[in-house]
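Participant: If you read the sequences in order, they're chains A and B. Counting from 0, one number per residue, gives the positions in the first sequence under numbering that gives the first Met the number 0. Counting from 0, one number per residue, gives the positions in the second sequence under numbering that gives the first Met the number 0.
Hints may contain errors.
Going by beta-carbon spacing under 10 Å, a handful of chain B positions derived as facing chain A [said to hold, decoys possible]:
1) G21
2) D60
3) D108
4) G118
5) Q134
Partial selection, computed: residues in chain A whose CB lies under 7 Å from chain B [what the hints assert, rightly or not]:
6) H527
7) Q531
8) A535
9) E567
10) S613
11) R617
In short, the hints are calculated from the structure, not lab data. Think of the CB as a built atom: it goes at the ideal place given N, C-alpha and C, for glycine as much as any other residue.
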Amino acid sequence: MDLSTVQTKCAIGKPSAHGALPALWAGAFYFIGAEIGAMMAAAPVPITQLRPGGAILLAAFLVSPVRGWWGIVLAAFAAHLGASLHGGVPLAASLAWFVGNSTQALLGAGGVGWMLRQPLRFDLLRHVLVFVCWCAFLAPAASSLLEVGLLRATGAQAGAFWQAWTARVVSSAAVLLAIVPVRINWPAGTLKHIASHTWPRQLEAGLLVFALLGLGGVAFVRGVVPSQLVPLLTYAPLLLLFWTVLRFGAFGEGLAFLLFAVFVVVGTALGAGPFAVDAYSGRALFLPLFLIATAVPMLLLSAALHERRGTLAALMQEQEKLGLALAAERKRAERLARERHARAEVEQRVAERTVELRRANQVLRAEIAGRKKALDAERVAAARFSNLFRLSPDAMSISMSLRGPLLDVNGRWQQLFGYTRDEVLGLSAEQLNLYATPAQLPAMVEALDTDGTIRDLDVRMRNRQGHILQTMLSGVTIVSGVETCFLAIVRDVTGQRLAAAEAQRQREELTHLSRVVVLGELSGALAHELNQPLAAILANAQAARRFLARPCADLHEIQEILNDIVQEDKRAGDVIRRLRALFKKGEPILRPVAVAELVQDVLALTHGNLVERSVDVRLELADGLTVRGDRVQLQQVLLNLIVNACDAMRMTPPRRRRLRLASALAPDGRIQVTVADSGPGIAPELAGKIFDPFFTTKTEGLGFGLSISRAIIAQHGGKIEAANLPAGGCAFSIGLPAYSGEK
Amino acid sequence: MMSEEQVVYLVDDDAAVLKSLGRLLQAEGLAVRAFQSAAAFLREHDAETIGCVVLDMRLPDLDGLALQQALLASGCQRPIIFMTGFGDVADSVQAMKAGAVDFLTKPCDDDDLLDAVHGAIAKDAQARCVQTELQRIRGRLASLTPREHEVMQHVVDGRLNKQIAADLGIAEKTIKVHRARAMEKMGASSLADLVRKTFELEAGTVVAGHGQ
Chain A
0 MDLSTVQTKC
10 AIGKPSAHGA
20 LPALWAGAFY
30 FIGAEIGAMM
40 AAAPVPITQL
50 RPGGAILLAA
60 FLVSPVRGWW
70 GIVLAAFAAH
80 LGASLHGGVP
90 LAASLAWFVG
100 NSTQALLGAG
110 GVGWMLRQPL
120 RFDLLRHVLV
130 FVCWCAFLAP
140 AASSLLEVGL
150 LRATGAQAGA
160 FWQAWTARVV
170 SSAAVLLAIV
180 PVRINWPAGT
190 LKHIASHTWP
200 RQLEAGLLVF
210 ALLGLGGVAF
220 VRGVVPSQLV
230 PLLTYAPLLL
240 LFWTVLRFGA
250 FGEGLAFLLF
260 AVFVVVGTAL
270 GAGPFAVDAY
280 SGRALFLPLF
290 LIATAVPMLL
300 LSAALHERRG
310 TLAALMQEQE
320 KLGLALAAER
330 KRAERLARER
340 HARAEVEQRV
350 AERTVELRRA
360 NQVLRAEIAG
370 RKKALDAERV
380 AAARFSNLFR
390 LSPDAMSISM
400 SLRGPLLDVN
410 GRWQQLFGYT
420 RDEVLGLSAE
430 QLNLYATPAQ
440 LPAMVEALDT
450 DGTIRDLDVR
460 MRNRQGHILQ
470 TMLSGVTIVS
480 GVETCFLAIV
490 RDVTGQRLAA
500 AEAQRQREEL
510 THLSRVVVLG
520 ELSGALAHEL
530 NQPLAAILAN
540 AQAARRFLAR
550 PCADLHEIQE
560 ILNDIVQEDK
570 RAGDVIRRLR
580 ALFKKGEPIL
590 RPVAVAELVQ
600 DVLALTHGNL
610 VERSVDVRLE
620 LADGLTVRGD
630 RVQLQQVLLN
640 LIVNACDAMR
650 MTPPRRRRLR
660 LASALAPDGR
670 IQVTVADSGP
680 GIAPELAGKI
690 FDPFFTTKTE
700 GLGFGLSISR
710 AIIAQHGGKI
720 EAANLPAGGC
730 AFSIGLPAYS
740 GEK
Chain B
0 MMSEEQVVYL
10 VDDDAAVLKS
20 LGRLLQAEGL
30 AVRAFQSAAA
40 FLREHDAETI
50 GCVVLDMRLP
60 DLDGLALQQA
70 LLASGCQRPI
80 IFMTGFGDVA
90 DSVQAMKAGA
100 VDFLTKPCDD
110 DDLLDAVHGA
120 IAKDAQARCV
130 QTELQRIRGR
140 LASLTPREHE
150 VMQHVVDGRL
160 NKQIAADLGI
170 AEKTIKVHRA
180 RAMEKMGASS
190 LADLVRKTFE
200 LEAGTVVAGH
210 GQ
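If we strip away everything but chain B, and leave its shape as in the complex, we get (with noise of 0.2 Å):
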């Protein structure tokens, strides 16, 4: 995990501002990309390489909130951390009700900054390992057909496979087929296994200490 590049995505309109914040973090030992604008960010910014963003909120052509937003509609989650000239109560809850991470007062620490800056790295690492696992039982789900996907459906929801061979009209024995293929299938070494795969699925997390 930790093998991978990570990088630290800079963006503030202040040249010198944008210069010091980009030397602690290396003088940290931090790759950092830096950007004067949210239009030239959002142009050059990898969404597949992990790490996070430091964002101050006023920007000229597009403030913080709306970079945000903008983000996260093209798919990234990557972590934000808001910097910001003054505390702004309205503006640091709806940045945080978006999944910012931290909300910085400029000046700011550089153990805080730093602290900001790791903590929401490996929340980026980890929600791409979620990603990741999700993917895969995607996949799975994906091969099955659609009878046995029916039936998976009245498995989980815990139907016994006479009362689904009832429902669906077809032989008990056949249901019973279709059930062990599912399974083998979602590669769920048991009912709970499966039950949990899915509910994975629909909350869109992984369940801790069953991810790889």
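Looking at chain A on its own, in the form it has when it is part of the complex (with noise of 0.2 Å):
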């Protein structure tokens, strides 16, 4: 039901036709209602009060602006006054009549004005109850005093003053209930917009009015029915007009009641249905009234159920706005996250690639920083060979190649050489004759060839004087562009040679010196060991003597003797003999030796000395070991390790001196020799320092021993160590390698 919405449009509309139109509209309806009031007045029953011009003029005024409001009042007059002049009333009554409607209706239009501030509405409550009470009564009944007044005055109309005023005021109330909401609902383009509906709502209507002219028919017209059956069918209708109101709004019920309120007038103005005995005894009250009842209760119900309605209909709306609103700020949320997700992303994508840009700017930077480096560096690396060459402290020279001609050389090379560098340049070492042995060449050459460069290499070389020069000499090929040159550097090592050569001596001066010491040491052992088969070679002679001496000798026994006479000088040529080769003064010669027989020999030579000192020797010798060694040097590191084991168990009781020598071929294949004492070993203090030169522990000794003996291992290719034993005492170990029989 859009009725508001075309209610709207008439109110709205109105105003745009102003002019004469809807003066010349609202006269010609005001003359038909004149003249229908006329025609009731004339009616078998009269029905006086019943004037419509009142209720038209007010719907006039309704829908038109204020300005336009003189135009309908002219249009009214000219109206009124014709129905007057056509029906003969009297002037003065007809001008107080028209005094009365038009009071009526400009007062009921400026209240509602006033009131509302805004076009009439039969759709809100409030609209409703404003029109009821202001226009349909109080201002009728204000405007009844003046025009009762006013034909009282005239004398157009005598009797009670108050009877009449109350028929006045209810019939008018009456007639502007029926006709006043059909005009306002009345929509623009009523024809298309009933047929806008559809046809069962179409057919709903005609239902309705149908209804409505049949039910009104019987019961308001006279002799159809038994009179019984009349009050049941006067309010029958009654019905139907609720229906209305509840299908049809507004508009439908204004129309309906118009139609019934039209049934009953004319029922009763024809003597037929209940109200038709009242109006005949000229009092009529009882017509307006019942349909001021029916009209009121009408009209609230179809503004309160509109309103209801717009109320749902807002509620709905509202909710679907919520809902649309909602649906929207959800989508802006999420479209917010979105947002806010890639630009996140956007940030991190940003934040790596400046990373990355910085980085790669490091990377250039430090590029340019390094070629830059290295551009300096070339430069400052020429500058420095240049000075190197020409300053170095060893003979350099460039030449075309190794065998090729001298290109340049150095000051120190002149100095070397005895040559100027003009006499030299164009010319190649070989002219100039200064390798002393030209034999090597080719293996320089090869050397240079393979490897591209020669390292320390011993090159005997000869200077101008045609003195040999020891050198060692290193070379280089340098290629730069396309050229290639040879860099040759040549020490000279004339007198460090010598040097070394001159230490050489030295050290095997002291190690022979070390030996005699140490032979010193062992004087008396050793003439024991002498004295030992001379005494014996003594004893045997003087025995021989006495057994000859005797009448019959024994020659057997004698043979016996010889025998071990001689084996005795052997004896003693035999320690002769190991002596000399340890005082004999020699360079050392490697030869295979036998590890057990040197360390026998050397016990046999310490023999004495063991024995005087009453140590208790214990042999534990592997059979058929053999190291690559000088023999004498070897025994002489054996000597000083006995002799120190024996003066290390100075202090320890006889009964308990011990040596230990043990040869045993060790997990690493090497030769282990071991001599072992039960002194109280090393101290603590003193074991990093035994084998420095000059420590020693014996007031008569030199403090070379140690040092010497490690020296000879060390030549050997062995180590010696020293370590004190769990059991007390300190074990000497010799490591040496094994030989194996090349060489």
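Dock chain to chain to rebuild the complex, using the hints, since each chain is given by itself in its own frame.
Facilitator: So, in structure tokens, the structure goes:
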């Protein structure tokens, strides 16, 4: 039911059509209404008070702007005069009626405009209340006072004042309630509006109209139905009116009520219906009251219904709007989240890219710095090389190749070889006869070809004076661009070699000296070793002499004695030979040496010493072990160790003096010779020093024994170590490479 | 005396020396027992036989001086002749103090050795006679009663019977009886003989001319 919009259009649309047309329409309707009123008054049962003029004027005012009102009043006045003249109404009464009608309409429309400040609407309960209270009752009440007063003053009407006023007010209200809503609710384009409805709805409306017409006809037309059924039929249309209100709203209701009212009035005027009797008496008060009692609830119900529907619709609309807003909000939130996510991603990408760029920048910068540095370095290197070449303490030469002509030589070179630079440029080293052993040259060329360099090669060279120089030659082929040249560095090591040879000689001297010292320490024991065979020889010889002095000498015995003498003499000879070997001075000779034999030899020399000192000797010699070395020097080492061991046990009680001599093949393939004593061991604070030169604990020692022993073992590619034994005493162990038979 | 077996004990760790010295002594007709170590000698030598020891100063197990001490400690006073490779004054003094009869340097002359050996054997024989006499006197002394021994002590100290009786608080007559018994038991022919015998016991030697 969109009557509200329809009705609003009417209210707004009307003012646009101001001017003459509404006034003419109003005049036309006013005339028709006046004619109908006149017809009613002249009916078989005259109903004089029902004059629709006031209601028609009010309706015209309500749908027109205020400035159009005077036109309407003029048109209505013209129509009123016309109708009055046509009906033969006296002028005074006619004027009084018009004053009453127009006053009523002006009061009503003015009050509504002042109170509502907007066009009147029958779908709003407040508007309906204002309309009913003000337009339908108070305004007619006021205008009726004026009208009835005028009538009485002019003498056009006689009788009781209040009775006339009451009738006038009640009938005006009934006519207003029946006519004004229809006009106000009248939609623009009525037919189109009706046609726009669906056919079941059109059918329903038709049925309603038919039922109203039927019931009205039956109820209010005399003689058709028994009189006892009349009250029932009178109220039956009310149900149809309710139906109209529920189904067709204010406009439908207005139309239906107008139709109903027309039936009731026409029926009563024709002398039928329940109100005819009343009208006969000339009062005709119940008819309008009945119409009022029917119209007011219908109007209120319609407004209330419409308002409720509007509220519901508004609520639904609101809800829909909220839903839409909620959805929009949700979408916005989602979009925001998406945007935020996208932004974060972008930010992260930007950060990553920034880091990459920064890194790339750093790399670039480092590269630039590196290149710059390289360039500087190259420049510096060139200067440096130039200085190096010029100032080098080694003789340097640059030639086309190893055997090619010389391109440059430095100062030291000139000094070393005795030639000036100008003399040698363009000549090769061979041409200058610099190589004292030219046979070395092919090997040098080969080394240069294979390795590209020659390193510290011992080369004998000759200077201008013909002196032989022992040199160490290093060389490198330098390739720069397409050119190649050979840089030779010659270091004169003649003096160095001489010094080394001298040092070697001194070392040997010292080694020998140390040996002699040890033998000196052993002199007593060595004397004993010589003494024993000599003593045996002497005793044997004397015994033989005595045997021979006997009358019958036992020649067999003599023979044995002589054998023993020979044996002992050899023994003495052995001792002397060993001693001579040790005393002899000479370069070491490397030969395979049987370890067990070596140990036995040294033991033979020291036997006397060991016996004298009551040292118990234990031998643990493995068979078949051979090392390669100098016999004398290795003996010297063992001699030193044994003498030291004996010295270490000086303070040990004689019964506990033990010397263990062992030789064995160690797991690492080396030959291990151990000399262990049962002395007090090495004091911890001295452990690191015992192999140092000049270190000694003996009052008569030189302090060379162990340091020389270590040097000897080192020259043999071995190692000597000392360690205290858990059971007491100290063990010196010598590790030497095993001799496997080569060389 | 000379009919008893006399043995020369040779101790030297050097087999060749041992053999040659043994030959020399045997050529002189002496009985020789040779040992290559001190331990073997101590284990096998007979303390009762008359003889001497020819000992090398240096031995691997026990040196000469220690062996000398060991022999003395066991109560054997057999004369010892030391031999050494080269003279060592300190060693020789110590050896002589401990009763060595001679100290020879290797190689030594055969006459020197044989003289020393003979002298040593004689000395051992003599010492053994003294020991026998002393043993006899000691046996007699042991047969005295305590009272007789007491009285004898006083007598030897040169006290009169009367003084002894006063000291011991017994009758002089009884003293006389004890004195006579002691003299008899000791086999003393006179007071001087008794005094000599007790002196010999105290000195541990025999006065020359009175031995058997």
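Participant: Give a verdict on every hint.
Facilitator: Right, here's what the structure says about each hint:
Taking 10 Å as the C-beta contact cut-off toward chain A, the hint placing G21 of chain B at the interface holds, the least distance being around 9 Å. This hint holds: D60 of chain B has a C-beta 8 Å from the nearest C-beta of chain A, less than the 10 Å allowed. For D108 of chain B, the interface hint holds, the least distance from its beta-carbon to any beta-carbon of chain A being 8 Å, beneath 10 Å. For the restraint placing G118 of chain B at the interface with chain A, the shortest Cβ-Cβ distance is roughly 18 Å, beyond the 10 Å limit, so the hint is violated.
The interface hint given for Q134 of chain B is violated, since its Cβ lies 36 Å from the closest Cβ of chain A, which is over the 10 Å cut-off. Because the smallest distance between the Cβ of H527 of chain A and any Cβ of chain B comes to about 4 Å, under 7 Å, the interface hint for this residue holds. Proximity of Q531 of chain A to chain B holds as hinted, the smallest CB-CB distance being about 5 Å (cut-off 7 Å). A hinted interface residue such as A535 of chain A counts as satisfied when its beta carbon comes closer than 7 Å to some beta carbon of chain B; here the least separation is about 4 Å, so the hint holds.
The beta carbon of E567 of chain A is positioned within 7 Å of a beta carbon in chain B (closest approach about 5 Å), and the interface hint is therefore held. Interface restraint check: S613 of chain A against chain B, minimum CB-CB distance 6 Å, threshold 7 Å, status holds. Contact between R617 of chain A and chain B, as hinted, is not supported at the beta carbon level, the nearest pair being about 12 Å apart and thus beyond 7 Å.
The earlier numbered hints that this structure contradicts are 4, 5 and 11.
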